[in-house]
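Participant: Spelled out, the chains give:
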Amino acid sequence: MARSPDSLESVPPPIITLLTDFGAADVFVGSMKGVILGINPHAQIIDLTHDIPAHNIRAGAYLLHSASSHFPPGTIHVAVVDPGVGSERRPLLVTTRSYHFLAPDNGLLSYILASEPKAEIRELTAKQYFLGTVGSTFHGRDLFAPAAAWLSLDEPTDAFGPKIDNPVRFEVHQPQLEEGRLVGEVLHIDRFGNLITNISQTLLREALGTVEGAKVQVRIKNADVQVLRHFYADAPPRTLAALINSDNLLELFCNQGRADELVKAEIGARVEVRVS
Amino acid sequence: MARSPDSLESVPPPIITLLTDFGAADVFVGSMKGVILGINPHAQIIDLTHDIPAHNIRAGAYLLHSASSHFPPGTIHVAVVDPGVGSERRPLLVTTRSYHFLAPDNGLLSYILASEPKAEIRELTAKQYFLGTVGSTFHGRDLFAPAAAWLSLDEPTDAFGPKIDNPVRFEVHQPQLEEGRLVGEVLHIDRFGNLITNISQTLLREALGTVEGAKVQVRIKNADVQVLRHFYADAPPRTLAALINSDNLLELFCNQGRADELVKAEIGARVEVRVS
Amino acid sequence: MARSPDSLESVPPPIITLLTDFGAADVFVGSMKGVILGINPHAQIIDLTHDIPAHNIRAGAYLLHSASSHFPPGTIHVAVVDPGVGSERRPLLVTTRSYHFLAPDNGLLSYILASEPKAEIRELTAKQYFLGTVGSTFHGRDLFAPAAAWLSLDEPTDAFGPKIDNPVRFEVHQPQLEEGRLVGEVLHIDRFGNLITNISQTLLREALGTVEGAKVQVRIKNADVQVLRHFYADAPPRTLAALINSDNLLELFCNQGRADELVKAEIGARVEVRVS
Numbered sequence: 000m001a002r003s004p005d006s007l008e009s010v011p012p013p014i015i016t017l018l019t020d021f022g023a024a025d026v027f028v029g030s031m032k033g034v035i036l037g038i039n040p041h042a043q044i045i046d047l048t049h050d051i052p053a054h055n056i057r058a059g060a061y062l063l064h065s066a067s068s069h070f071p072p073g074t075i076h077v078a079v080v081d082p083g084v085g086s087e088r089r090p091l092l093v094t095t096r097s098y099h100f101l102a103p104d105n106g107l108l109s110y111i112l113a114s115e116p117k118a119e120i121r122e123l124t125a126k127q128y129f130l131g132t133v134g135s136t137f138h139g140r141d142l143f144a145p146a147a148a149w150l151s152l153d154e155p156t157d158a159f160g161p162k163i164d165n166p167v168r169f170e171v172h173q174p175q176l177e178e179g180r181l182v183g184e185v186l187h188i189d190r191f192g193n194l195i196t197n198i199s200q201t202l203l204r205e206a207l208g209t210v211e212g213a214k215v216q217v218r219i220k221n222a223d224v225q226v227l228r229h230f231y232a233d234a235p236p237r238t239l240a241a242l243i244n245s246d247n248l249l250e251l252f253c254n255q256g257r258a259d260e261l262v263k264a265e266i267g268a269r270v271e272v273r274v275s
Numbered sequence: 000m001a002r003s004p005d006s007l008e009s010v011p012p013p014i015i016t017l018l019t020d021f022g023a024a025d026v027f028v029g030s031m032k033g034v035i036l037g038i039n040p041h042a043q044i045i046d047l048t049h050d051i052p053a054h055n056i057r058a059g060a061y062l063l064h065s066a067s068s069h070f071p072p073g074t075i076h077v078a079v080v081d082p083g084v085g086s087e088r089r090p091l092l093v094t095t096r097s098y099h100f101l102a103p104d105n106g107l108l109s110y111i112l113a114s115e116p117k118a119e120i121r122e123l124t125a126k127q128y129f130l131g132t133v134g135s136t137f138h139g140r141d142l143f144a145p146a147a148a149w150l151s152l153d154e155p156t157d158a159f160g161p162k163i164d165n166p167v168r169f170e171v172h173q174p175q176l177e178e179g180r181l182v183g184e185v186l187h188i189d190r191f192g193n194l195i196t197n198i199s200q201t202l203l204r205e206a207l208g209t210v211e212g213a214k215v216q217v218r219i220k221n222a223d224v225q226v227l228r229h230f231y232a233d234a235p236p237r238t239l240a241a242l243i244n245s246d247n248l249l250e251l252f253c254n255q256g257r258a259d260e261l262v263k264a265e266i267g268a269r270v271e272v273r274v275s
Numbered sequence: 000m001a002r003s004p005d006s007l008e009s010v011p012p013p014i015i016t017l018l019t020d021f022g023a024a025d026v027f028v029g030s031m032k033g034v035i036l037g038i039n040p041h042a043q044i045i046d047l048t049h050d051i052p053a054h055n056i057r058a059g060a061y062l063l064h065s066a067s068s069h070f071p072p073g074t075i076h077v078a079v080v081d082p083g084v085g086s087e088r089r090p091l092l093v094t095t096r097s098y099h100f101l102a103p104d105n106g107l108l109s110y111i112l113a114s115e116p117k118a119e120i121r122e123l124t125a126k127q128y129f130l131g132t133v134g135s136t137f138h139g140r141d142l143f144a145p146a147a148a149w150l151s152l153d154e155p156t157d158a159f160g161p162k163i164d165n166p167v168r169f170e171v172h173q174p175q176l177e178e179g180r181l182v183g184e185v186l187h188i189d190r191f192g193n194l195i196t197n198i199s200q201t202l203l204r205e206a207l208g209t210v211e212g213a214k215v216q217v218r219i220k221n222a223d224v225q226v227l228r229h230f231y232a233d234a235p236p237r238t239l240a241a242l243i244n245s246d247n248l249l250e251l252f253c254n255q256g257r258a259d260e261l262v263k264a265e266i267g268a269r270v271e272v273r274v275s
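Chains as they are written, first to last, in numbering that gives the first Met the number 0: chain A, 0 to 275; chain B, 0 to 275; chain C, 0 to 275.
Calculated from the structure, these hints are not laboratory results.
All values reported here derive from a predicted model rather than from experimental measurement.
Possibly wrong hints are sitting among the right ones.
Think about it this way: if two alpha-carbon atoms lie no more than 25 angstroms apart in a straight line, the pair counts; the simulated DMTMM-like pairs of lysine to aspartate or glutamate are [as the list claims (entries may be wrong)]:
#, chain 1, residue 1, chain 2, residue 2
1, A, 220, A, 170
2, A, 126, B, 184
3, C, 126, A, 233
4, C, 263, C, 189
5, B, 126, C, 233
6, B, 220, B, 184
Using the sequences and the accompanying hints, generate a full structural model.
Facilitator: Structure (structure tokens):
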């Protein structure tokens with residue numbers, strides 16, 4: 000290797016990611032970045048997405064979980080989908096084996112907490128890490144952004160507030176085995192119209208004993224898929240098809256089309272898998 | 000504190016922000032970033048927004064003013080909403096107490112200039128800071144981006160062109176007191192449908208003698224709001240409500256809905272405030 | 000000059016640009032950035048655009064060519080519009096005089112290869128530069144992003160895979176001279192509704208002997224333009240007009256309107272130029 004990624008000559012900039020429902024047409028996100036850089040001008044700020052549907056905590060929770068795990072250890076993830084901003088809902092700092100997460104206590108970290116049962120959970124209370132004047136409508140800028148920036152300067156987590164053990168979590172639906180069928184649901188519809196389900200390859204193998212493509216049958220709405228494909232172009236055009244995707248989840252798709260339109264499926268739609 | 004934000008070990012990268020009406024589907028913005036990094040590869044480039052409605056100078060002016068103030072001193076703000084590109088309109092470099100602004104001379108800096116009466120205003124004329132071949136249709140890439148990059152390398156402002164004292168400014172409407180009512184207007188509608196007005200908390204207090212929520216009444220279109228809330232979730236769902244927002248401006252909103260659709264308001268809509 | 004852009008004190012961060020059809024509402028792009036920063040935390044990642052119409056290789060090819068040339072030498076450009084992901088289509092590393100390009104072998108680099116006949120073309124085969132588990136549906140994250148990150152650490156290109164000489168290229172249509180008329184087509188419609196053609200200023204001069212605005216006449220659909228303008232505001236409002244744009248290409252536009260709506264033109268529409 001020509002150069003080590005951990006070269007001695009300089010400390011890598013700390014990474015702060017942002018995921019919000021603020022959209023791109025306003026300057027909410029730009030303002031958060033200004034606040035971060037005012038505290039730590041060396042921070043490397045990365046957008047996960049700002050197009051979470053407005054106030055849709057479940058959508059944000061899924062995409063945060065999906066994207067955050069691809070970042071290097073030490074990354075600070077800030078997530079703000081926050082219809083209850085300014086109310087009694089608490090701001091959280093959650094530290095897992097690899098990352099820090101800053102987010103409102105409204106379920107946005109449900110998937111993170113489900114997969115990280117030993118995470119350290121703190122209520123963000125230390126006002127010295129907030130902007131001087133924290134308003135009641137924009138905690139992304141006034142509270143989460145500055146706290147993340149101070150954290151990126153290696154402030155210890157115990158300085159940010161006390162540990163708590165009762166964060167708000169929505170129920171993460173697990174697929175169920177019903178009469179030999181594994182029954183799950185659509186978690187997310189991506190920009191190509193692909194339907195991502197909560198049925199993992201691991202679960203398929205455990206519940207049904209195989210993930211051999213030729214034997215797996217999938218049913219959604221009134222449509223049936225008789226085989227798992229290996230990649231998108233592997234399926235006949237404009238028909239419903241299925242595969243295990245890059246996050247190891249069962250995904251329904253339509254080569255040269257949109258699966259969501261083809262079967263008129265929405266988030267939460269029931270998905271059944273059985274073995275022939 | 001574990002590490003100083005102004006650590007000795009390295010100079011923080013200069014910050015250049017971009018605000019345009021170029022959208023995200025083209026590569027205008029990407030080209031500007033390439034030009035900047037070709038001159039100063041250490042620049043930290045931050046997007047404010049690129050979704051200003053096409054050619055809408057007033058919308059750009061408002062959002063530039065709103066976002067720019069959250070950045071650390073020394074930040075260079077580039078704003079390009081420029082229907083008159085290539086014509087006689089001048090390119091400007093405006094230096095305030097904290098920032099540099101580069102923008103076409105078409106009113107885009109009206110709010111900045113209104114709040115910074117002692118700003119130094121220069122016409123950008125020094126061709127050594129432009130791309131070799133400045134076209135007539137894309138000054139964002141050929142003129143403003145390279146000038147900003149050179150400025151980030153600490154070139155002195157007087158090298159960029161002569162001072163001028165007659166920049167183009169549109170009239171910034173100030174709320175007026177009419178028969179005991181403070182009359183203002185909607186400045187901006189954000190992605191959540193919230194209606195941000197030009198009536199500040201300071202002005203409310205001065206003109207009406209109070210900002211006590213229970214006494215303040217707001218009228219827009221044919222709808223009345225009888226009280227100021229403290230945060231969004233504080234209001235009953237799906238009704239028109241009002242609060243002082245994170246920029247200290249009166250804002251109309253609808254908890255679990257969109258205020259703009261509820262009252263069919265547009266930018267410029269009249270807003271009246273009185274005290275009961 | 001106050002400070003050299005190549006200051007001795009620190010090595011500039013390597014630049015990696017991203018152009019995809021992944022959109023902004025998902026976290027595909029965020030995941031790619033996480034992978035890159037996990038390998039080279041010093042990389043400066045720049046978005047060209049992620050709003051290429053889904054699976055539209057030609058649109059991506061044009062915008063990649065348009066934007067990439069504005070970056071400094073050494074920039075690594077990653078482009079992913081990849082309907083055939085997981086199939087037999089090869090992943091490529093193309094090295095030109097100034098840049099590296101990583102992209103699927105599906106025509107996305109057609110314009111780059113057309114203008115860089117001596118480019119070094121390699122198939123990306125060296126699995127040590129990919130993520131440990133390369134899936135079949137997301138090579139942007141599992142293959143192109145990590146390969147780009149390793150390349151930014153100065154790994155030599157010959158370590159990435161063998162040279163090939165038969166990359167997939169779609170035919171780049173060149174304008175033709177027909178009965179004294181130069182006949183080209185619309186390459187791209189930008190966010191302002193401007194119609195960018197494949198007719199360059201150089202070609203106009205060579206084929207017709209002049210680019211003097213008063214003598215050049217343009218025909219598209221049933222509309223005629225009698226003169227070339229110098230900039231947008233130079234044309235009467237709400238009429239079809241033409242100019243040579245910032246990429247030296249003939250462009251049809253409508254001052255204070257949209258040319259695409261005015262003449263109902265689409266990508267590929269025929270454009271004729273003659274001299275009066």
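Participant: It remains to establish, for every hint, whether it holds in the given structure.
Facilitator: Right, here's what the structure says about each hint:
no. : hint             : result
1   : A/220 with A/170 : holds, 23 angstroms
2   : A/126 with B/184 : violated, 35 angstroms
3   : C/126 with A/233 : holds, 23 angstroms
4   : C/263 with C/189 : holds, 14 angstroms
5   : B/126 with C/233 : holds, 23 angstroms
6   : B/220 with B/184 : holds, 11 angstroms
Hint 2 from the list above is the single one not met by this structure.
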